[in-house]
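Undergrad: Residues per chain, in single letters:
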Amino acid sequence: DSGVTQTPKHLITATGQRVTLRCSPRSGDLSVYWYQQSLDQGLQFLIQYYNGEERAKGNILERFSAQQFPDLHSELNLSSLELGDSALYFCASSSGVEETQYFGPGTRLLVL
Amino acid sequence: AQSVAQPEDQVNVAEGNPLTVKCTYSVSGNPYLFWYVQYPNRGLQFLLKYITGDNLVKGSYGFEAEFNKSQTSFHLKKPSALVSDSALYFCAVRGYYTGRRALTFGSGTRLQVQP
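Chains as they are written, first to last, in the numbering used here: chain A, 116 to 227; chain B, 16 to 130.
Quick caveat, the hints were computed from the structure, so don't treat them as lab data.
Every residue, glycine too, gets a C-beta built ideally from N, C-alpha and C.
Be careful, since some hints might not be right.
[Stated by the list, open to error] Some chain B residues well away from chain A (every beta-carbon gap over 12 Å; in silico):
hint, residue
1, 19
2, 71
3, 73
4, 78
5, 130
[As the list claims (entries may be wrong)] Per the computed footprint, the stretches of chain B lying under chain A, defined by three or more beta-carbons under 8 Å from a beta-carbon of chain A, are:
hint, stretch
6, 44-53
7, 56-70
Next comes chain A alone, as it looks inside the complex:
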């Protein structure tokens, strides 16, 4: 158990809908990262937050957004969902001092 929690584990929704994925980092970790794992694109970095502020953006679509709250948990919002958004979404956290990122179990999103 990495100490990173993600909810829900599974999500099934329809095209055009909006969903929110939630992540709680390890105790004390200030950085949260979101990654997407899909069969065709592999593991891709989406976005990073550090202590409530956006730090870096990767291949994140404009339909996707995220935020990190004062208690350091983070949410990834996916809107106007398309079939191609079906993927496993991972959250990872790190302390910012130690470089290791610890991953949560992921949320599997299926868009029908």
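Assemble chain B onto chain A, guided by the hints.
TA: Then chain B, alone, in the frame of chain A:
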């Protein structure tokens, strides 16, 4: 831009034999290198990392990796494979001097250990 190549989609090895999973990288400056393992329907588990220092890094579950700067490689090794090592392995990199701390992952290598 940084990148990682895992040239083998799958590696097959018999239980008890040594295993190697290959990884080469490209990054500006000195690299931070990582290996993660993913079991079915699970998240990525951290195995080991190279930041600086000794080129041979030891990690969890008996795995080790050798950093080779001249060949820009970071191959994962284990002296004696177990059936339970069968999983998907990912190599990842980030640049030491870049402000971006996000990892760039390879495409993954599926390790199959036969009894």
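Undergrad: Just double-check residue 78 of chain B for me: nearest Cβ-Cβ distance to chain A has to come out over 12 Å.
TA: Check passes; 15 Å lies beyond 12 Å.
Undergrad: Beyond 12 Å from chain A, beta-carbon-wise, is residue 130 of chain B?
TA: 28 Å, holds
Undergrad: Closest CB-CB distance from residue 71 of chain B to chain A, is it above 12 Å?
TA: Holds: least Cβ distance 18 Å, greater than 12 Å.
Undergrad: Are three or more residues of the stretch 56-70 of chain B within 8 Å, CB to CB, of chain A?
TA: Holds: 7 residues of the stretch 56-70 of chain B have a Cβ under 8 Å from chain A.
Undergrad: Check the non-interface label on residue 19 of chain B: least C-beta distance to chain A beyond 12 Å or not.
TA: 10 Å, violated
Undergrad: So residue 73 of chain B supposedly isn't at the interface. Is its beta-carbon more than 12 Å from every beta-carbon in chain A?
TA: 15 Å, holds
Undergrad: Taking a Cβ-to-Cβ distance below 8 Å as contact, does the stretch 44-53 of chain B have at least three residues touching chain A?
TA: Answer holds; 3 residues pass the 8 Å Cβ test.
When the structure is compared with the earlier hints, a violation turns up for hint 1 alone.
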